[in-house]
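J.: Two chains, two frames, some hints: make the complex.
Residues per chain are reported as follows:
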Amino acid sequence: MEEIIQHLTPLFKEISGYIYPNEIELHWSLLVVIYPYLTGLVAGAFILASLVKVFNVTALKPVYRISLLTALAFMLVAPLSLLAHLGHPEKSYEILLTPNLTSAMAMFGFVYMWYLMAVLLQEIWFDYRKDLILWAQKERGIKKWLYKCASLFSKDISEKALKFDDKAEKVITILGIPSAFVLHGYVGFIFGSVKANPFWSSVLMPIVFLFSAIVSGIALVLLIYMVVTPLRNKVMDTKCLDTLASFLFYAMIVDFSLEILDFIHRIYESEESIHILSELVAGKLQFSLIVVQLIIGMIIPLALIAGVKMFNTPVELKRLLYFVSALLVQVGIFFTRWNVVIGGQLFSKSFRGLTAYKMNILGIEGLLVSIAILLLPFLILYVLFKFLPPWGETHVTTQPESS
Amino acid sequence: MKLPWKKLPEQIRRLAVVSLFLVVLPFIVRSILVPSDFGKYGHYRASAVDEIIAMEIKYAGHQVCYDCHDEEVESKQAGVHKNVSCEICHGPAAAHSEDDEIELIAPRDRDSCPLCHEYLSSRPTGFPQIVSDSHEPMKACISCHDPHNPKSEKSTECEACHTEIANTKSLSKHVNIACKECHETPDAHKTQPRMFLPGKPVNREFCGRCHAETAPSDKDIPRIEMETHEEAYVCWQCHYPHLPEAE
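Quick mapping for you: the protein sequence lines, in order, are chains R and P. The first sequence lines up with residues 1 to 403 when you count with our numbering. The second sequence lines up with residues 1 to 247 when you count with our numbering.
Heads up, some of the hints might be wrong.
[Claimed, not checked] No more than 30 Å apart at the CA atoms, straight line, and that leaves these computed lysine-lysine pairs for DSS-like:
(1) P/K6 with R/K155
(2) P/K219 with P/K200
(3) R/K160 with P/K6
(4) P/K7 with R/K144
Treat the hints as calculated values from the structure; they're not laboratory data. Source: prediction; values computed, not measured.
For reference, chain P alone in the conformation it holds in the complex (with noise of 0.2 Å):
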């Protein structure tokens, strides 16, 4: 008696046995090469969570934070940046948690504020946004708001009526100095602006507390000899105080 093999035609029993081969292959690769935990918790290997715990925690979490400085969360609280974990400005603390002595950095600069609050034209409307070129370029930005808690308020002093004065001082070295150092101003001036003009400075000492040769300012602050430069003038008939950088 012919067994059933036997019958069917002769190129079907030789692909019988390929195409027998290369269905079983793939299983008995499949077995070799998977690893075994792979699939038990989702399509992945499950002693790769393991593998992940194991690696070294950098980030602490904005809560950690919460146990010793009480301040400066409670301002953040406050504001708008009450969603901006402390780690995005300050780096990972996970160290810091632990050891005091590793300090975290605390961006002083202009170059962070700028990575959320440049101008983007795809960023949403109403997002905080400035060109910093031309945004206070001189000055750092926690100079004028609080990082914790930043608010963009109108200026209500004398940038409100003197914009252009103030846009020339902010591009120069003089940016931080106060317009009251230099213009004594009544109070009456902000309600009767003509009738009391704010002073200015009548003589050459004025300007010298700064940069007279032995004045006891920074050291990088340019220097004169008060006797013999131009000693009939004072300072400002010569240079711009609101930009003296001119030429």
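Next up, chain R with everything else stripped away, as it sits in the complex (with noise of 0.2 Å):
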């Protein structure tokens, strides 16, 4: 009990206007963040990885199996998230065993096996798998076998053999892009079919969501190749930076649109809510929303770029603009989980009062668990770097790199 006054007290004074008492505490907390979050950069490395194969983007091969191995990470620690703030990690089954076939959140188990077990892991079989048959003949001990499990002890490549391989990735590629679109928008339906919460209640909402997870998928990649190449001592690909910025940019234009376009419909509709969330993003999203949000995570990015296109910049400041800029993307697009999640919880059903939100630190769904989990796949990444190098130099090709 004392715990719990403990907890409560400090949020009492950040309390305005009327609330409910069950309002006073949030329910979904930084975890619940988190997981959009992650479910984004997924769905967005995807479709870049997707642009390469389906619309022949071939500036984009560099980074194409990068984008792949960077989903796959991500998308093996984006369940934690939830598993953490739900608690009872072992009966987590059940929801995949008894599904409720009418529950949005039900639901998720399916997309996400769809996406990690028909799409994600297929398409990168199909495509390291000859790799993956070359290296077992090379490697030897317990490497060599794991790359004959990894192959499914496939032996094939002959011409004909890669040229299914080609073939069968474009089409799981074709199927993919609908999948990655589900896995985000079913994030973002998740939140828009909320009726009862005017600020998450909107039709625009998945589209919204899912383009800012291309969003911050690209810039994603981008840092991930930006980063790695140096520390592995090769030369950057200045075409294929240009063209991830192009797209990046692209992307941000169309999810800045959909965002002014949201928030015009919503002015414009002036629901009986608009007070309280007018007051809600002028109080205590000023800060997360105006400022990291829009102007550090969109305008200022769009202008570097959008400035490096318009002059001639010399390639060394570019590089930097566009990695400030693909980092700024990335906290920017942190807060717009934030505000999607936490802004939604901060005013009362009441529309009369706003409440606060008070992190932890410890605890399963404190900061430092977060952090854990955010820093989780790039463990995994790099794991995945060494056992499934996707750099070109080292990928057995029949034909050679366009870059």
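T.: Here's what the structure looks like:
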């Protein structure tokens, strides 16, 4: 009891206006902010990969495999935040065994499984199959067997088989694009379908989520490419960077337009909730929404990339500006998720008051666990890079790299 | 002759085996882990109903109370509390309905009623609400309101005109002393208040009925030695009787 009082007392001072008693404490914490952030990165990275396979954007070939492995690494970690938030991870399989078919949340199990098993893993498998066979022949000991198992003991690397791999990859990617849309659109749907919450309830929500996902995914792959390449003592492919930055720029324009459309729509509609929402945006969310999400995470990176495009920028400066922009975009998208998840719970359903969110440092819902969950994908990615090197030079191909 | 299976590309054959395993596996796991009676009545385990039935019943339901407590039930049925179940105030009564010896709670303090009647802006307009800190803070709710048939009628007695005094007295330990105990009041005072004034105690013995050392009153009441305590004055010349605690 004493612990609860100590936790709630500082919150009382933050409350303004009238709120219902069960609204003092937020039910969805930082971990629920991380979940849509991570799935967004997965969907975004995959859609970037699809640009190479389906839309033949050859300039992006150097980051094709990086994107796929990034999507996989983040995909594996995404449910951890939900498991940690819900508690009782030992019961989580039940949602898959006896799913409630009318529950949007239960559907996540299927969307996740479909995307992981039918799309992502298969695409990676087809792309790496030939390399896995060759690595298995070259390596010795455990590694040899690991590669053999990963290739499912496949042996055929005839031209016909490789052509089939390529075709299969294309088909899977075509299937994968709507799947990636569903994966992240679903997350937006979960929020957008809460009709009791005017901050969330919007049909635009899945689309806004999706485009912000594409933005964050592209920015993440750009960052990883820019960090990993110098670490490997290799030269960055400027054409690839330019193309990545261009796609980032276009996706941000669409994302920005959608968010502004949503904003104007709300103001024009002026439903009864508009007063409390304006109070929320002008008060508690002023820093995280207007300063971080809008100015730091959207307008500044847009201006930087536009500047690079308009002026003849030296290569080094260009790289620096791309790097800064992608970093700012990551911060911006993280706060986009923060503003949706936390912001949507800060106002009372009475529309007459605001509460506050007090983040814990320790504990399962705390900051440290969240940081660990955010860092874990990078560790997995490191292992994946070691086991499945995505670099062109070690990538045994029949055709030379276009870059 | 080649089997149709052999005609498939090698990759597909290998993936098909893995996929088949991954598709069949959940069905095997499901058949082992999902209880056989799951889904018999709905999206839950049917035997859970029996487990719930087997749990000890603590509440009897208000119909049971009617069998013995006719008077209270009739009174409650006539008033605004008719939809408030007996067990809301008196607690779970299943054991009591089986055995009279097990007594139920009967809240007589000021803690219970404000659970519903304390002022909250989210309560419906017109629902009787009080601010318990200022609403007769020294009195138990049941000393004015019958919980089985509560009424909040406007008073036609002294406090109707002497509200300020009544409010002051409500904060005092003298709250339960009726006005007429000290003020002898002719009936005509109500119609011609200035012509027929109420009386007030004129001697020290009046207060001494409770506060003298030898008075047969409650032991918690403060006592004085009548013979030596400021014998030249009437008590109310120094102590304000409506709030004697005041300095």
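J.: None of the hints should be skipped; say for each whether it holds.
T.: Going down the list of hints, with the structure as the test:
1. Taking the CA atoms of P/K6 and R/K155, the gap is about 15 Å. The hint holds against a cut of 30 Å.
2. Restraint check: the Cα-Cα separation between P/K219 and P/K200 comes to about 25 Å, which is no more than 30 Å; the hinted pair holds.
3. Of the supplied pair hints, the one linking R/K160 and P/K6 holds, its CA atoms being roughly 15 Å apart against a limit of 30 Å.
4. Of the pairs offered as hints, the one joining P/K7 and R/K144 holds, with about 29 Å between alpha carbons and a cut-off of 30 Å not exceeded.
When each numbered hint is compared with the structure, no violation occurs for any of them.
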